[in-house]
Every structure is written in C-alpha cells, then in structure tokens.
Amino acid sequence: MAKISRRKLLKTGLAAGGTAIAAASCSNRGPTVITNQIKDVTLRLIGTGAAQINDIRVQAEKDLGFKIQMRALSTAENIQIAITQPKQYDIFDGEYFALPLVAPSGNLQAIDIRKIKEFNKITPIFTTGELYPGARVNTSQGTAPRKVMFLKGKDSTEFASEPTDWATMIPFQYNADTLGYRPDLVGKKIQSWADLFDPQFKGKTSLLDIPSIGIMDAAMVMEATGQMKFGDKGNMTREELDKVTNLLIEQKQAGQFRAFWKTFDESVNLMSSGEVVLQSMWSPAVTAVRARGIPCVYAPLKEGYRGWGGGLGLSKNLSGIKLDAAYEYLNWMLDGWVGGFLSRQGYYSAAPENARKFMKPEEWDFWYEGKPAAIDIIDPFGKKIESKGAVRDGGSFTERMGNVVCWNSFMQQQVYLVYKWTEFIVA
Amino acid sequence: MNSSKTLRNYLLVAPQTLVFVLFLVLPIIAIAIVSFWNFNGFAMSPGFTLNNYLGIFSSRVYLSTYLNTFKFAFLVWLFCLLISYPVAYFLSFHVKSPKWQTILFLICTVPFLTSNIIRMISWIPFLGREGLINQALMGLGITKQPVEIFLFSDFSVILAMVHLYCLFMVAPIFNSMMRIDRSLVTAAEDLGSSPFQIQKEIILPLSASGIAIGSIFVVTLVMGEFATMRIMSGGKSSSVGYLIKNQLDSLQYPLAAANAVVLLIITLIIVFAILRVVDIRKEL
Numbered sequence: 442m443a444k445i446s447r448r449k450l451l452k453t454g455l456a457a458g459g460t461a462i463a464a465a466s467c468s469n470r471g472p473t474v475i476t477n478q479i480k481d482v483t484l485r486l487i488g489t490g491a492a493q494i495n496d497i498r499v500q501a502e503k504d505l506g507f508k509i510q511m512r513a514l515s516t517a518e519n520i521q522i523a524i525t526q527p528k529q530y531d532i533f534d535g536e537y538f539a540l541p542l543v544a545p546s547g548n549l550q551a552i553d554i555r556k557i558k559e560f561n562k563i564t565p566i567f568t569t570g571e572l573y574p575g576a577r578v579n580t581s582q583g584t585a586p587r588k589v590m591f592l593k594g595k596d597s598t599e600f601a602s603e604p605t606d607w608a609t610m611i612p613f614q615y616n617a618d619t620l621g622y623r624p625d626l627v628g629k630k631i632q633s634w635a636d637l638f639d640p641q642f643k644g645k646t647s648l649l650d651i652p653s654i655g656i657m658d659a660a661m662v663m664e665a666t667g668q669m670k671f672g673d674k675g676n677m678t679r680e681e682l683d684k685v686t687n688l689l690i691e692q693k694q695a696g697q698f699r700a701f702w703k704t705f706d707e708s709v710n711l712m713s714s715g716e717v718v719l720q721s722m723w724s725p726a727v728t729a730v731r732a733r734g735i736p737c738v739y740a741p742l743k744e745g746y747r748g749w750g751g752g753l754g755l756s757k758n759l760s761g762i763k764l765d766a767a768y769e770y771l772n773w774m775l776d777g778w779v780g781g782f783l784s785r786q787g788y789y790s791a792a793p794e795n796a797r798k799f800m801k802p803e804e805w806d807f808w809y810e811g812k813p814a815a816i817d818i819i820d821p822f823g824k825k826i827e828s829k830g831a832v833r834d835g836g837s838f839t840e841r842m843g844n845v846v847c848w849n850s851f852m853q854q855q856v857y858l859v860y861k862w863t864e865f866i867v868a
Numbered sequence: 002m003n004s005s006k007t008l009r010n011y012l013l014v015a016p017q018t019l020v021f022v023l024f025l026v027l028p029i030i031a032i033a034i035v036s037f038w039n040f041n042g043f044a045m046s047p048g049f050t051l052n053n054y055l056g057i058f059s060s061r062v063y064l065s066t067y068l069n070t071f072k073f074a075f076l077v078w079l080f081c082l083l084i085s086y087p088v089a090y091f092l093s094f095h096v097k098s099p100k101w102q103t104i105l106f107l108i109c110t111v112p113f114l115t116s117n118i119i120r121m122i123s124w125i126p127f128l129g130r131e132g133l134i135n136q137a138l139m140g141l142g143i144t145k146q147p148v149e150i151f152l153f154s155d156f157s158v159i160l161a162m163v164h165l166y167c168l169f170m171v172a173p174i175f176n177s178m179m180r181i182d183r184s185l186v187t188a189a190e191d192l193g194s195s196p197f198q199i200q201k202e203i204i205l206p207l208s209a210s211g212i213a214i215g216s217i218f219v220v221t222l223v224m225g226e227f228a229t230m231r232i233m234s235g236g237k238s239s240s241v242g243y244l245i246k247n248q249l250d251s252l253q254y255p256l257a258a259a260n261a262v263v264l265l266i267i268t269l270i271i272v273f274a275i276l277r278v279v280d281i282r283k284e285l
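Chains A and B supply the protein sequences, listed in that same order. When we follow the numbering used here, the leftmost residue of the first sequence carries the number 442, and every step to the right adds one. When we follow the numbering used here, the leftmost residue of the second sequence carries the number 2, and every step to the right adds one.
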C-alpha cells in the first residue's frame, strides 16, 4: 500500500487520481527515504534509433534523478521484443502503426491520462484527429494515431474510437514524409508523387524496401498517376495488393528503379552518390545529404504527405515506484526540453507550445512557422544545417502536418502484403 | 585402465557436444516445431498444420526465390572453382620455396582481416555510376555513358560473393594439392604425359577432396546469404535467406521457420550429394 503515498511526494507532484483508497494506511515513511528510493530506479527503454539518443538520456537523468537505459533497435526488432519479451523493457518507444500488433499482446498497460499533466497541450492530431477545420489530416487514411490512441478502459486491449481516460502511448515525435530529390540532377520542380514513375528518371529512382511503408509510397504514386484508386491505402484489399504489385513489377522490369533501400544511411548514400535522383526519403536523411554540401529538396507534393508518429507505452510489468518514475518520464518528455531537441532535427514535438519554450524565437519561426531563417540554423549536436535566409521545405507545421493524407499502417492483409512484396522483389 | 580411457574420451568430447546440443540441435528442433504451428496472420499458436509448408510448395513466388538462390549458389560456386583451382595449383606446384608459399597464401588471406560487410560495401563506390571503374572507362573514352550494370545487378552480387568466399575454396584445394606425391607428376612426365593429361589423371582426382570441402563451404554459405544479396543487388533481387529475414521482420515466425527447414534440408541434400561423389575421409 505504501507505494501510493510515495507517488504524492515525487517532485512533479503527480495528480492524485485513485490514491484516496490507500491514503489512510501509509503515512509512516519520511520523504528522505522516498527521494532515495526513486534514485535507485532504473528505467529500461527500447526504441528505434530516432529518439534513443545519449543527449536525451543524460538530460533526463539530470532532470529526473533516476537512471535510464536505452536500447536502440530496428523498427522490426523493436516490435518483436515488445511482443515476445515483455520482461526486457519498462518503456516501449514505438510507432503508432505498431500498436495493432503490440496492444493485443497485453504487454502494455493503459496510461492514465489524468496523470499526464500536459496532456491537453498535445496536438489534436493524436487526440481528436482534428488539426484545424478542413485539414486533410483530419480524414487521413491508414493507422492514423487517433485511431489507436485510446483504449476502451483500464484493462482493455481494444482501441476506442473516441478519446477516453486511458491511452495506449503518449506521443512525442512525428513527421510528414515525402519524396526527396536532387534539384541539380532532376532539372525540374518535383510536385507530384507521379514523378517517381516518370520515364525521364528511368534507372534513377528508388523506393523504400520496408514492405509496409514501401507499399504506401507506391500507392501514393499510383493514385497520383491515376492508375489506381483505393478505399483505404492503409488497409488494402487483396485485389488492391495484387494490382499494386503488378504495376510495381511492370515498373521494375522497365528499369525504372536503380535500387531499393532499407536503412537510413543507404538512402543518404544513394542520393549523394548520384545513383538515385528521386526517391522516398526520411527527413533527417535529407538533412544528412545537405550536410555533405549536396543540394537536396524534401518535396512538398500536391497529393499530400505520408505521416508517422511515435510515442511511449508502459510495460504491464511496471508497478509501484517504478511506475511512478515511468509517469514522471512521460511528463518530462512532454515538458519541452525533448521537444526542442527533436524539433531542431526536423521532427515535431507532440506538445509544440512546450517545445517553443526551449527554442529560440528564430528557430521556432523556421521549424514551425515556415519563415525564412533569421539566423543560421544549428542542429541539436551543434552542426550548422541551414544558412540564414533558408526556408523549410514544405513550409509551416500546419501546411506540412495538415496535408498528411495517410499514415504508416498495419494492414489486415499483412501476410499477403509481405508475400506480394517478395514477389515484387524477386521479379 | 581401458574403462578410464573411455571415460576420459567421453569427458573430452563433452564440452563440444554440450555446445552443439544446446546451441545447434535444440534451436533447430525448436524451429522445426514452430514451422508446424498455426499462424493466423497476426499471432502464432501451438498446433500442427502443414499449411506453412503447402504455402511454400504451391507458390510461384517462393519457387522463383528458391530458383534464384540455386542460380546464385551455382554461379558463385563455379566462379570460385575456376579461380581457386589455378590459384591453388600455382601456389603448390609453381612456387617451389615453402617460405614463399606461406607468404603468398597469407597474402590471399589479407582481405579477411577486415569484416565481411566492409569488404562487400567497399565495392559500391568502386562500381557505381560515378565510381572508379566508370570514371576510368569514360576518362579513357571507352564509353560515353556510365555502365550501370556494374552495380545493383546480378553481376555485382556474384562479384561480391566470389570475392567473399573464394578463399574458402582456395585453402582446402591448396591443402590437398600439397599432399600430392611429386614423384607421381615426375613419373607421368617421364612417360610422356601432356600437361593436360597430368591435370586430368593425377592432380584433379587427387585434389578432389579439397574441391569437395571447398564446394561445401561455398554452397552452404551462399545458400544462407541475405546481406550480400540485398546490398549488392540494391534490394532488387532476393534469396531464401532474405525472404526468411523479411518474414521474421514482419513477425511471421511459423512461415519463416518452415522456409528455414526447407532451406536446411535442401542444403543438406546438396552436401550429401557432394559427399557421395567424393569420399572426403578416404582421401584426407
């Protein structure tokens, strides 16, 4: 019973939801003992490389007073461990599209949003799904975070269609993905996904070779060329998958693709070596190409973006003081320091207002408002990535995130998708 | 006396046996069991079904993936043999001083001082569109356009694999050639054999065990390949190993397990076939 009184004394003063039951029986411990105890806590995180960064760990340990262990994994390993090895982690840092796989395993516990102080500062993309009236993201397809953000109840593993008090994950980063290109080698402005199949770039394009993401990019292209229409690109039917694969094989055999990439650095090397001039890309990869002094544009396309979002979930094995520490960590992630840090890499913070407090006004204007940089833009590791006067590709936060039309997805036909993707690769 | 000797022998083999049982036999049994489990597309459950196997044998896609793997295994084996046999022959018969034999053989192993992946990736800047070869060819005026077939093609996959695995063929052939009694060659020469006859009647049959061992190494390595295949083909070609990896990444364990079992059985059949043609133990 003592664990509940301890929670009250944590320095962030977590809200008292449900503590009344036990409050009476546990007043015999002093605060000194309690602070010492939280110092002994070590939280074990698993996640993909994007946010498993030493700087974040060091700052969190400094601000929170307990220890944090981070393990950087590939997207697939991360999901595998989340599902099959629940004892190996306390906090799961994963993407929202992994939730239809991870949540039914019962390895995550519902997060009580009443204990998340800044929950109301979280961008509506994750909660109601309404960014602003008429935004394309409001009706976006695929595993949109709003569809898997809430559970029906504390012990439920079913997703709720409306906001509830029980969240699957607390978001902290997300972005809008699109095509990247080399303006010096392409010779025109890329404005549509359809350009990926333009015969002009034969043998010089590339797609992402992660089946569930690559197929979405392919679907964006086929919709743009008018070759196909989809009910939901994020949940294709067998017939749709058949057709997409056939069209992809046609393009492959006609020699449209130079290569397919699987890891971040492969995409950077393909682009900077000039092997490929137009390809699906991730935002930091574009930055990495530019850092080599090679021009690269992260093209805003008229059909919109493919979005992704990442958050933190809590292991079902957390309880007592460790659970309290985990909630503290979740609160800290929304507090702004991390938001500022990730924003300087080109990601967005789940609580933008808080991140703003940790950014220079000029930085905020560049990253979120789409205004020309009033100062040189420095990444979180101290490296200059944009010169004064540069404008972010795609413009402001509302322009970019508002135009997300589909999200990274988990499809009902996942097995068939991987099968068809294999057919495409071996063809 | 005798029984304590037997006991000692058992004790001596115990550590190796334990390691094999724990880390090789048991995992393979586990894989074989999982390959019969039910899989509904999201989760697996214990049971017994042949569906995972039926899927492999009834699918054109899987079939062509297997054929693709065989094609690469055969071509890589062939080129490794064509390169390794003359190299081994040169080292063992033409280089007379044992000192130089050792030095030259060590030179063959120099590339192996770096990791597999680095040796493979270093081909990319060499073969690419703006790579060294294309720059040289264009600089010499031999071609106007960069030759694209050098990289991200079947050619680059085979080139990299031959480079990676050739030594596994050179070493055993060299070893068996060193054991050939030189007086046999002298006798054949005295009796007027042509160099071709000497190769055919003496050296090739007597180095067969080395060729067989080298072939087993190369074939088993290529059959299980997935990294070289993916990186050097630019993801445009697939092997069974890569198929298994993709299925693991998508959490389709029973399907991956069934493919692993089929691949293992096929590879073992090839190994046994090689062993049937050449009795390694007799000739060692």
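Quick caveat, the hints were computed from the structure, so don't treat them as lab data. Keep in mind that a hint or two might mislead.
Below are the EDC-like pairs computed for lysine to aspartate or glutamate, each with C-alpha atoms no more than 20 Å apart in a straight line [stated by the list, open to error]: (1) A:Lys757 with A:Glu599; (2) B:Lys201 with B:Asp191; (3) A:Lys643 with B:Asp155; (4) B:Lys246 with A:Glu518; (5) A:Lys798 with A:Asp496; (6) A:Lys588 with A:Glu603; (7) A:Lys703 with B:Asp250; (8) A:Lys693 with B:Asp155; (9) A:Lys629 with A:Glu603; (10) A:Lys798 with A:Asp820; (11) A:Lys693 with A:Asp639; (12) A:Lys643 with B:Asp191; (13) A:Lys480 with A:Asp504; (14) A:Lys703 with B:Asp155; (15) A:Lys643 with B:Glu149; (16) A:Lys757 with A:Asp606; (17) A:Lys693 with B:Glu149; (18) A:Lys670 with A:Glu691; (19) A:Lys801 with A:Asp496.
The model shown is predicted, which means the values in this text are computed figures rather than measured ones.
Violated hints - listed by number, lowest first = 9, 12
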